[in-house]
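Trainee: Read top to bottom, the protein sequences are chains P and H.
Going by the numbering used here, the first sequence opens with residue 44, and the numbers climb by one from there.
Going by the numbering used here, the second sequence opens with residue 66, and the numbers climb by one from there.
In case anyone wonders, no lab produced these hints; they're calculated from the structure.
Positions of the beta carbon are idealized from the N, C-alpha and C atoms, including for glycine.
Check before you lean on any hint, since a few could be wrong.
[Claimed, not checked] A few chain P residues that face chain H, going by a derived Cβ cut-off under 7 angstroms, partial list only: (1) 82; (2) 86; (3) 89; (4) 92; (5) 101; (6) 143; (7) 152.
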Amino acid sequence: GAVVSQHPSRVICKSGTSVKIECRSLDFQATTMFWYRQFPKQSLMLMATSNEGSKATYEQGVEKDKFLINHASLTLSTLTVTSAHPEDSSFYICSATGGGALIYEQFFGPGTRLTVL
Amino acid sequence: AQSVTQPDIHITVSEGASLELRCNYSYGATPYLFWYVQSPGQGLQLLLKYFSGDTLVQGIKGFEAEFKRSQSSFNLRKPSVHWSDAAEYFCAVGPLYSGGGADGLTFGKGTHLIIQP
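Bound-form chain H, shown alone:
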């Protein structure tokens, strides 16, 4: 069974500092990997995704993530955070498609990002 681990429940970062959110996955094949952001009471916004190819992927809002197969990781990074980045961040993994059609995603428990002024 596939699973996603986000080891950090909360992370506090000063505004302007760099950020790295960790994500480890367990999956039997090459995964499709996603990072989503959720503001309080809102739905999910896709930050970036990895399907294949270049292991460093660029996303919206200045985020990037690096897929490391040997470490089963897909960590999210941002060189300089802004107060508006405070939110909940979810890493997700999925096959997208299996024999029966499209599949749902498996989400990590999320990391709550707090930005200090």
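Excised from the complex, chain P in its bound form:
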């Protein structure tokens, strides 16, 4: 149980285009979803927190107009990288927490590798 999926697993796009990444909780309702970014050989950095039906809360230094987050349902959050540039190339990982016994752990998706040419 408590599985989180991400789609796509890899995406390559041209500079200036927008890319949408989906994060789904497959077998539980995710009251909160998180988006992290990981540069090569580095740690995960929290980008934003989203609660279902609310606006996302972005960490300091993260451009909210560039990284659009939508958490429209209890099982789906999307991250849209708008007008992507090569410096946005990274590994994006989402995680989710649920209710009840699931509140004490974050369940991570497998990640999405974004390459901007």
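Based on these hints, arrange chain H on the given structure of chain P.
Mentor: Relative to chain P, chain H alone:
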């Protein structure tokens, strides 16, 4: 602000030998502590977590960790490593919940574990 320090960027251990990965944290209250493992190009897998109670926690794959409040440490140990343990290991700390709801985790920079045959 909370922070996590993993002082060892790389560790090389012979197969069958014991392992200890260090983690120190800075946090203003009783932390929730986690160890995750990440294989190349993959998401994160939870090895173990500490919330309260017994300071020695057992995890999956034969790992254990000990919470030492006086030293602000949460070191990961394994008595005998296997070649399949080669991966990146991340220590993380978080409150899980604060006044506004669920919170993201703060990760250390990771320790790259190399297993020698």
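Trainee: For each hint given before, does the structure comply? Return the numbers of the non-compliant ones in rising order.
Mentor: 1, 5, 6
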